[in-house]
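From just these sequences and the hints, can you work out the full model?
Spelled out from the first residue to the last, the chains are:
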Amino acid sequence: MPNPNRRQVLSTSLNLTLGTLGLRGVVRPGLRWSRSKAPSSAARGLIHIVLGGGLSHLDSFDPKPEAPLEVRGEFRTVPTTLAGVRFAEPLARTAEHAHRLVIVRSLTHREGAHERAAHLVLTGNPPLPALSYPSLGAMIAEGLPRTGTTPPYFVLGRSNEPALLSGYLPPTHAPFRIDGDPNRGDFRVADLLPPPGVDPARRSRRHRLARELGSESPADPLEDTLSDLRALAQALGEDPLLSRAVDLSQEPPAARDRFGKTPLGQRCLLARRLIEANARCVTIYEGGFDHHANLFRELRPRLETVDRALSALIQDLETRGLLSEVVVLVTSEFGRTPEVNRDAGRDHWPRAFSAVLAGFGLSAGRTYGSTDASGGEPAECATSPADLAATTLHLLGLDPFARIQSPGGRPIDRVRDGRVLREILA
Amino acid sequence: MIPTLLIALLFGSAASDPVERPRILIEPSVIYIQAGGDPVTVMVLHEDALGRITDITSEAEIQELGTRALSWSGALRLRADHPGTWTIEARLGVLKTEALVMASPRADTSPSWCDDIIPRLARIGCSSGGCHGAESGKGGFKLSLLGDDPGSDHLRITLERRARRVDREHPEESLLLRKPTLRVAHGGGRRLEVGDATHEAIVQWLAAGAPSDLSSATPIQGLDIHPRELLAGPATQSVRFVARARYANGAVRDVTDLAMFSSNDPTVFELDESGQGRFGRVGETVVMARFRGEVAVARVARGGRPPAEPRVFADDDPIDQATERRLARLGEHLHGPTDDYAFLRRLTHDLLGRFPTLEEIRAFENAPSGTRRDAAIETMLADAQSSDRFVLGFLESLHATEDRLGEKGLRLLADFLRQSLVADRDLGEVVRDLLVAEGSTLESGPPNFWKLEREPTAQSELTAQAFFGVRIQCAQCHHHPFDRWTEQDHRRFTAIFATVAKRPGKDPREEIIAFDSERSLRDPRSGRPVRPGTLGGAEPAPKQDPRHLLASLPSPLERDLFDRHIVNIVVSRFFGRGLVDPIDDVRASNPSLDPALHDELAKEFRTQGRRLWPLVRRIVRTRTYAQAQRSSPETGPPWAGAMRRQADAEAVFSAIGALTGRALPLPGAKRGASPVTHPGTAGLAALDLFGRAPRLTSCACERTREPLLRQSLHLSHATAIEERLRDPDGRVARRTRAEPDDRQLISEWYLLAFSRPPTPTELNRATKARADVTDRAAFFEDLTWVLINLPEFVCVP
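Residue numbers (my numbering), protein chains in the order written: chain B, 1 to 426; chain R, 1 to 797.
Simulated from the structure, these hints should not be mistaken for laboratory data. Treat the hints loosely; a few may be bogus.
[To be verified] Stretch by stretch, here's where chain R covers chain B in the computed footprint (C-beta under 8 Å, at least three residues):
hint: 1; segment: 168-180
hint: 2; segment: 186-192
hint: 3; segment: 201-208
hint: 4; segment: 232-239
[As the list claims (entries may be wrong)] Derived coverage of chain R by chain B (criterion: at least 3 residues anywhere in the stretch with Cβ under 8 Å from a Cβ of chain B; other residues may be distant):
hint: 5; segment: 265-275
hint: 6; segment: 639-652
hint: 7; segment: 761-774
hint: 8; segment: 777-790
For every residue, glycine included, the Cβ atom is placed at its ideal position computed from N, Cα and C.
Next comes the structure, spelled out in structure tokens:
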């Protein structure tokens, strides 16, 4: 049964115990608002860049310059700051930061369809017909204590990808979505602050009346969730932190330019500002990497956008001393076929693909795993999406294999299989 | 194809016939076996007084009656030494049962390519989508996905790479065996142990010359899974499933060791590859067996409570009786009726897409208590907006937007649908009008159906999903591994849509739709025209417009799919979950919650002329629809008590307008339009925020009803709401001027916001709060804000 004072507690002060958001009205004593920084044994946040559609590993982070033309494709390669490691030439800026990265080249799975593969990579769990798993961000939102009023999990960029949502977890752990394009002059996030003309006295009068009139509702999970969300909305409304964080005009123009005046670039900048404002996970969705035809013409400008944004993000985090506190993760749902097809494209290829990590707790400046000569299969250290998810959760200070509550009350492992990739940890 | 059989496979029928319980059963009850051949799996089940089934094979005493020609290996595996017919008996305490064993002479000792080898390669994973079954194969070796093309697979194995995959002289040295046993490096790892049954079968097949029996193998007619329905109590740990193939020549074979088993929800029931499964959490799921392209499903439920006697009343609708019977087996019941106010709010929301007005609530209160619900139902069914709400659903399933059709086209299509529903036309004929439409997209609604997609493939997939609830997309590239649609079904269905010409009209926005007998779909491989065919396999006469054939729902398969789909749309709207869920993903592995009830409703719908409103009327008058909220909201089977739901985006949007007295703006809409009557999708961020479908795809999943922080922020902070509650012409200003009695006004506010009067406590608290404030209008502005921000405002009880 819910604590009778729960709503009151929720809406009166941020410094008191918060009922477990959405965990069906059960007060869990350990979950508190905390203004302290995350302990140094774990990262304070994750910036997850999702390149949707299936980035060609062969034309980005795992090029095969020695392979025949039909495998190596049209892009030249460039050396990186790591001996013997080359990237495709559109990633030249990122190559300058390779010593700050871990490049995982041996990811592999068996799902050849976008939606199923994306579920696997974004949740670390297999796609099942009757159970949807929560995304990494939702697991982080559920597992870590909240810091301040800022929602823990954001998704930037319009996407209908269901694997970015809260799955079997309650919708209080769903992402705070910012669909708008921060590269536009009219970009804003609506409704963060109370409307003009409602002074603080009036606001507190309303909240008091809401508490008095609201306490009679029966215990119901939907109503509990809605009450929790109202309390969060109230807390956000009294704290300008988030509305300042989403105001990119506070960044000097030169800083904005460094990320590239593109939606992705400005989203990376926004992600950094959100992490500074205590967000735990900011996932950036950038689609358009499904190149079945005209790959080289279509991929180059997209990859250059990624290159500019990613290199600026790494440099920016480094300059601010944040790179040692935050994990940056770049993934795609699968790679693409070793052989270029008749339409100058490559098709879906889940047997081998790459991901990139940077930041807290990593043994930076290395590759992990490799693929065979044509990039078709892992040659060493075959790595599953579950391994990558487990490692990411571990870096955030969460036990990847702990059991959390599912619908019907049965505990489910955060990640069903997989292991933490100790080899890439510092 | 064989339509009747497929229907049986797709839809099955529930075992709801009266039997004497408790009892024990031997599954299968007739055991077909080959003398001297592979053992078959037998199990003994116990069914208690309330229909719960437990596997008691290890506890029951099993014996053969008569001569001893049978032998058991392990507890469950039966072999026969020579041909004949026997009876076996199982006993548990006083209960006993018998089964017939029929052993036929062993016909052919060498394993069959189609019947033995192909399924085994699939089962050990060789032909899975992630391995050699991938589009481009693996490691230079390609097999068809899960063996759906045995002819090509045979060629590749026996001839490709200079036939070095097979060694008929020294079968065990064949690459086909050395790879998966890891005697040479294999990217897919170890798949096979030397000496196990699959290894032996492949050796024997190779030794026999690696023959293909593609032309001589007995065609398979169907696959059965036993038990077909399993209800486990809390104590049941594990159950084994048996798969049996039925052949065209009447033969039946136990293929448990050859079929592939899987569970839709391993957290409820997890299977290993032998068909042995273990129970997990309380819930329901589906177990599927697959063999030679055939699929069979079993429903598995694990109850969390002791079963109960069903409480069925004579005047219940059969929907209520079926639901109560289903629930009682799981220890649940239909809940009692909800209160009148909650019923009115629920009904108005579900039928009209908004909440009741003050006038509607007053009329409801003034009606005689015994008949007020029926009266409200009739009033609302007579309201044209009930048609608009259904039109909205159809526009979503067709992903009809201004972008695709233009504003005028969208309006014409919506008007056509609305007029059809208002007139309660036969829905089969309404869909026919769309399918066979000809003429200008600017002159009438139906031709716009043909503008929804440009490519015949996309148009055919849209049609299958919107009108039959079937997703045939997967069959575009490969035989659907978990369903019956083949690539050929997909191509022939698409060929129907390729016969339509879309010519530009005078107006740049216009297209003229016409049948063109010269147009056809070309087979991508042969380049020859594909002969059109419906999902049920019907073919048009030469030069006939195949759309007319499709629109006539020529086969029982199409009729069943269509009728069951429409029924399911309606059931899902009012009960919160369809019989098939999601509503637009009908497949063998996603069976109906209650197949017998589903069939019955579909049959009645058809015999009553496929009219929407009699079906809607019947459903909203059931006890199931009128239930109170469920007592334990967390778990429980579908339809046990009402679930409190978040309201549709349109209803929340309208409710803000109704309570503040100033409707929110609806860009691009006609004057006086509501979000339910306006067919457009453009520029309505607030509606999108509350889960309106953006209609990017035709998926029913696009509409969401989940609470989100951004919604709460909107209700709490939006300038548009604050402006409205302070508006000098708004409700606060008008009513505080006209009505001096605070308690009267507070009651009115509650009725409008929550569709119920305030409780005495709420009334007293609000009145007291009113007394503390000098500015009366300011108090009612605050009260408006408060009610908008209380959870109940966005809830459907």
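Going down the list of hints, with the structure as the test:
1. 168-180: holds (count 5)
2. 186-192: Per the Cβ count (3), the hint holds.
3. 201-208: It holds: at least three residues are needed, and the segment 201-208 of chain B offers 3 whose Cβ sits within less than 8 Å of chain R.
4. 232-239: With 5 residues close enough to chain R, the hint holds.
5. 265-275: Held - the segment 265-275 of chain R has 4 residues with a Cβ nearer than 8 Å to chain B, which meets the minimum of three.
6. 639-652: Result for this restraint: holds, n = 3.
7. 761-774: holds (count 6)
8. 777-790: holds (count 8)
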